[in-house]
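Number of protein chains: 2
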Amino acid sequence: MIKPFLYLQTQNQDEVVAELKNDRYLRALLRQPVDRTPVWVMRQAGRYLPEYREVRAEAGSFMTLCSTPDLACEVTLQPLRRFDLDAAIIFSDILTIPDAMGLGLHFVTGEGPKFSSTIRSAADIKQLAVPDMADKLGYVMDAISLTRRELDGKVPLIGFSGSPWTLACYMVEGGTSKDFAKVKGMLFDAPDQMHALLDILADSVIAYLNAQIEAGAQALMLFDTWGGSLSPANYREFSLTYMEKIVNGLTRKADGREVPITMFTKGGGQWLEWMAETGVNGVGLDWTTDISQARKRVGDKVTLQGNMDPCVLYASGDRVEQEVARILADFGRGEGHVFNLGHGIHPTVNPDNMARLVDAVHKHSAQYHQS
Amino acid sequence: MIKPFLYLQTQNQDEVVAELKNDRYLRALLRQPVDRTPVWVMRQAGRYLPEYREVRAEAGSFMTLCSTPDLACEVTLQPLRRFDLDAAIIFSDILTIPDAMGLGLHFVTGEGPKFSSTIRSAADIKQLAVPDMADKLGYVMDAISLTRRELDGKVPLIGFSGSPWTLACYMVEGGTSKDFAKVKGMLFDAPDQMHALLDILADSVIAYLNAQIEAGAQALMLFDTWGGSLSPANYREFSLTYMEKIVNGLTRKADGREVPITMFTKGGGQWLEWMAETGVNGVGLDWTTDISQARKRVGDKVTLQGNMDPCVLYASGDRVEQEVARILADFGRGEGHVFNLGHGIHPTVNPDNMARLVDAVHKHSAQYHQS
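These protein sequence lines map, in sequence, to chains A and B. Under the working numbering, the first residue of the first sequence is numbered 1, with each subsequent residue one higher. Under the working numbering, the first residue of the second sequence is numbered 1001, with each subsequent residue one higher.
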């Protein structure tokens, strides 16, 4: 059953494309002057918000929440109602592509994502095809179109995907893994097989992110959650190369504006120079790298996103504000910084501290930008 | 009940101190010429060996295995019987100190280490004292003395401890943690309290490692398993400082030889220069840092230990040998390398691949050392 796209139903894009009222986030990624450092937070729509938990409970399953555009739109907008954020990110999961490839994504409480089928052999890989976006991933596009319309130009909407290596980790292991025995066994013993898998995943991500742009995404994130589990040479060969292929395969233009893309390899602090050379606009930092050092290393090539330790949000509101001020000072004067945590916000954080973070970024950052 | 120490029973140390037949490991840490690169592997005595699993089953509990010197000695020696290793490491746990402080260490299958009591407040910290080594940790010293005697000078015996920050993580969280909410909450909100905890832990580790030297340990390792979870500034303030205090508080001499110490912060590849300045002999590398780059960064200051991805052992024997050769070539000619994995060996690895690793190090490394 092919569901009609909302975004295809709207023939005249101008009808739904409202003027963007707050473009700080887009400008910062293009290294253009801003009045304040923009801020958004990974997993800003999520379990730490009681209103999210309500919708999540109503949906029954996590996948129902992701695949019901109305609900995905609702939870995407929730944090925007509470906090003065500079961007929204579509509520979805990084594993929608393998699910669309037929692997059967489901979530087991306390164990995270699981796949009913796994990819272990050359024959398994041969059976994979780039999913039909309308047929299999239309629900993501519908959620994006709907959210874009609901946002009404308030802030830009970010689309995203997992990186090919990260998707491969889950597809081969069948879920999360402590040691990546199977996926790394394939990497080391059957590199050609691994490259075949990564190649079809890269093509799928390109189609997926271009469809997201078409549906209304104004910026993109590539989440390379497990790139940091690799050696430098293997990171380059099995993760970075495919992310670079994606960057080069994207439209990167919508409504006459550039669609900036940010690459985030968790634990990738040693490889920032490499990421900066891929043609991305932004590079995400976790908190194990000093942002002032990172800025020296990447120069004017890219904007840096990050990099507060998410655990600071377990401390007092005053401590949160102090840490925000420290990171802004560390980055220093000038353009090229998008404030964020160095990882997704933890589910047990007090939302008041999130409010404090967002306000502190705007309050303390004005001094670092030209008036 | 105070058990008499084996090592105290032996008044004449010369009786048990056999001439060291293979001192490659000690020489490499002191940057002295060796004929081949020495090799040992973290968790070389462990679950991947069927003979270990037998003794473990016999012991009933993991803590019984650790605290029964005969059994700890037996499993320490097991890998030496199979593989041509250049060092033994005493079989024990990194959490013996908090257990000796009265926190009640136990192991829950599938969940790892747990403490019956946790440290959450200033009052909790005030109650802690440096444990009496003979009374509370004599079993470790007995295991070391016994193993040293059984080794009969075959290879040196390594003693070890968890770092203060790593111990604090487990003591505050009460076990392993995905997000370190409580221990980081304390770090950010009550830094003085955290410093008080780390200070008594550093004093305890100094007493513990000096007792291990006295009991017969010929080299030491500091395992900073969770230092990599910190920001650079926090790593420096809350982990590195206390490891440096320990390094400065150790005897570092036994039987007329220097007792070298190696510091290993998992995920600490960005801070190698800092570690190299603490006065340690060796710095451990995980596999996310290129060893040739690391060597350039630390210069002649320290020996580097590492740095093979433990998952290579899931691949074929030929691939294992190829990877060993690559790492040796990456390090290049000259002294200052101890071969190891970048993390403990995984429990489901085939022991044949461990044999292949050890043999490959000796086979391929001779060319990089002066004849």
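Treat the hints with caution; some may be incorrect.
[Said to hold, decoys possible] Here are some, though not all, of the chain A residues that point toward chain B, as calculated from beta-carbon distances under 7 Å:
| no. | residue |
| --- | --- |
| 1 | Phe83 |
| 2 | Phe107 |
| 3 | Val108 |
| 4 | Glu111 |
| 5 | Tyr139 |
| 6 | Asp179 |
| 7 | Phe180 |
| 8 | Ala181 |
| 9 | Asp189 |
| 10 | Asp192 |
| 11 | Lys266 |
| 12 | Trp274 |
| 13 | Thr278 |
| 14 | Ala315 |
| 15 | Arg319 |
[Said to hold, decoys possible] Computed list of lysine to aspartate or glutamate pairs in DMTMM-like fashion (alpha-carbon distance at most 20 Å, straight line):
| no. | chain 1 | residue 1 | chain 2 | residue 2 |
| --- | --- | --- | --- | --- |
| 16 | B | Lys1154 | B | Asp1035 |
| 17 | B | Lys1154 | B | Asp1203 |
| 18 | B | Lys1182 | A | Asp318 |
| 19 | B | Lys1266 | A | Asp352 |
| 20 | B | Lys1178 | A | Asp318 |
| 21 | B | Lys1182 | A | Asp179 |
| 22 | B | Lys1182 | A | Asp290 |
| 23 | A | Lys178 | B | Asp1179 |
[To be verified] Pair by pair, the computed Cβ-Cβ distance ranges are:
| no. | chain 1 | residue 1 | chain 2 | residue 2 | range |
| --- | --- | --- | --- | --- | --- |
| 24 | B | Thr1176 | A | Ser316 | 41 to 49 Å |
| 25 | B | Gly1110 | A | Ser121 | 50 to 58 Å |
| 26 | B | Asn1248 | A | Ala325 | 33 to 41 Å |
| 27 | B | Arg1047 | A | Glu150 | 49 to 57 Å |
| 28 | B | Arg1082 | A | Gly112 | 30 to 38 Å |
| 29 | A | Asp199 | B | Gly1249 | 22 to 30 Å |
| 30 | B | Lys1178 | A | Gly332 | 43 to 51 Å |
| 31 | A | Arg47 | B | Gly1256 | 44 to 52 Å |
Simulated from the structure, these hints should not be mistaken for lab results. Here the structure is a predicted model, which means the values were calculated and not measured. Note that beta-carbon positions come from the ideal geometry of N, C-alpha and C, so glycine has one too.
Any hints from earlier that this structure breaks? Give me their numbers in increasing order, please. 1, 2, 3, 4, 5, 10, 11, 12, 13, 17, 19, 20, 21, 22, 24, 25, 29, 30, 31
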